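Novice: So you can see what is in the structure, the chains are spelled out below.
There are 2 protein chains.
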Amino acid sequence: MEKSCIILSGGLDSTTLLYDIVEQFGNENVFAISFNYNQNHSKEIYFAEKTCKKLNVNHQIIDLSSISYQIFNSALLKGAKEVPEGHYQDEVMKKTVVPNRNMVLLSIAASFCISNGINNLYYGAHSGDHTIYPDCRPEFIKAMKEVLLLCDWQSIELKVPYMNWNKADIVRRGKELGVDYSLTWTCYKGQELACGKCGSCIERLEAFNKNNLIDPIKYE
Amino acid sequence: MEKSCIILSGGLDSTTLLYDIVEQFGNENVFAISFNYNQNHSKEIYFAEKTCKKLNVNHQIIDLSSISYQIFNSALLKGAKEVPEGHYQDEVMKKTVVPNRNMVLLSIAASFCISNGINNLYYGAHSGDHTIYPDCRPEFIKAMKEVLLLCDWQSIELKVPYMNWNKADIVRRGKELGVDYSLTWTCYKGQELACGKCGSCIERLEAFNKNNLIDPIKYE
Chain A
1 MEKSCIILSG GLDSTTLLYD IVEQFGNENV FAISFNYNQN HSKEIYFAEK TCKKLNVNHQ
61 IIDLSSISYQ IFNSALLKGA KEVPEGHYQD EVMKKTVVPN RNMVLLSIAA SFCISNGINN
121 LYYGAHSGDH TIYPDCRPEF IKAMKEVLLL CDWQSIELKV PYMNWNKADI VRRGKELGVD
181 YSLTWTCYKG QELACGKCGS CIERLEAFNK NNLIDPIKYE
Chain B
1 MEKSCIILSG GLDSTTLLYD IVEQFGNENV FAISFNYNQN HSKEIYFAEK TCKKLNVNHQ
61 IIDLSSISYQ IFNSALLKGA KEVPEGHYQD EVMKKTVVPN RNMVLLSIAA SFCISNGINN
121 LYYGAHSGDH TIYPDCRPEF IKAMKEVLLL CDWQSIELKV PYMNWNKADI VRRGKELGVD
181 YSLTWTCYKG QELACGKCGS CIERLEAFNK NNLIDPIKYE
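So the protein lines, in turn, are chains A and B. Taking the working numbering, the leading residue of the first sequence gets 1, the next gets one more, and so forth. Taking the working numbering, the leading residue of the second sequence gets 1, the next gets one more, and so forth.
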């Protein structure tokens, strides 16, 4: 049986994708990896852990917090200026880009895959992210697929099944899969309750709305 | 003035490359990055620091030691089985491959570049490394160049000027540049003196020999 690894943020997209691959391949051959990079919303990792326990999936948390301030300059990190509010398309949301984060996470996950004989690396990027995040663009993903085929004698296949979906499509799929969305975290602010006002919250609420579903998490 | 960043291991290749770019661009706009990933030969970082002080170049050490055992399975790490001896071409030297190391280091360096408005990323890979290290192959480097142009709205140019050189070519260039090779470390074993027997030492000694030079470091 082929083994698979997924980068699991604990948000809505990657959590749905984890349910998706567990349905396809079973939980024994799936490995989830989450990263702590001092994100404001590090409580997403707590939810990633909860979901892995629920699905009985092997989970690794990789702690980059000691180097994050050295390499990442972003409003998404703890102690940075306030997370901007408003729609994702707004210019101001660009401050929440963490420079080259996804390539860092994917390359570390690829090392983990090679070290553990895993061939498939799943990544929950989707089209809704493209407009402001350079490392969610299809051309970036295509280039990453190529480099991951070449980075070792053992090729890593990067799989991005939701690449052409939007967040509403993902919630629709999650409904079919019975995803427990109460165990996901999306808000960019790491407060007790989700703010409902940042780009991330707005997009999430719209996705539930379009599917005539009520988001099970509480908002401020 | 354009800013440049270099991944500086403290070995012979990247140290020569640092002298090369300092000669071209001056030392004010050059940033060197070294990584601690629990390599057996972590004393190379000490030499990287010495060289940066000598050339008055900004130096960052990024510490990945807390995650290295989680992601890298390799004979090159501290506590692993013995570093194999013999020529690089030998099958047994494959154990010294650190899975996908170079992509991890390059992607972290790219984040540092974007966060600091640096456009050029220098990488000291050369053709002598190809036979056993998948991430030194020209096709890997070509794919990395493409992905680094796309990873952010600000493109990163990956520059690998020694790609088609061998180690003797690099030492020849170093002689022209007046590189102080007493401040470099090559041996894969991190002992007091270089062993002279591992693939890395053998290749280094041959490179000096071909240039009718005497290696200034001491051997066991």
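Some hints here could point you the wrong way.
[Stated by the list, open to error] Short, incomplete list of chain B residues facing chain A, as computed with Cβ under 10 Å: (1) Leu105; (2) Cys113; (3) Asn119.
It should be emphasised that the hints constitute simulated quantities derived from the structure, not laboratory data. Computed from a predicted structure; not experimentally measured. C-beta: ideal position from N, C-alpha, C; glycine also.
Novice: Compare the structure with each hint and give your call.
Specialist: Each hint, compared with the structure:
1. Leu105: 9 Å, holds
2. Cys113: At 8 Å from the nearest chain A Cβ, Cys113/B passes the 10 Å test, so the hint holds.
3. Asn119: 13 Å, violated
Comparing the model with each earlier hint shows a violation of hint 3 alone; every other hint is respected.
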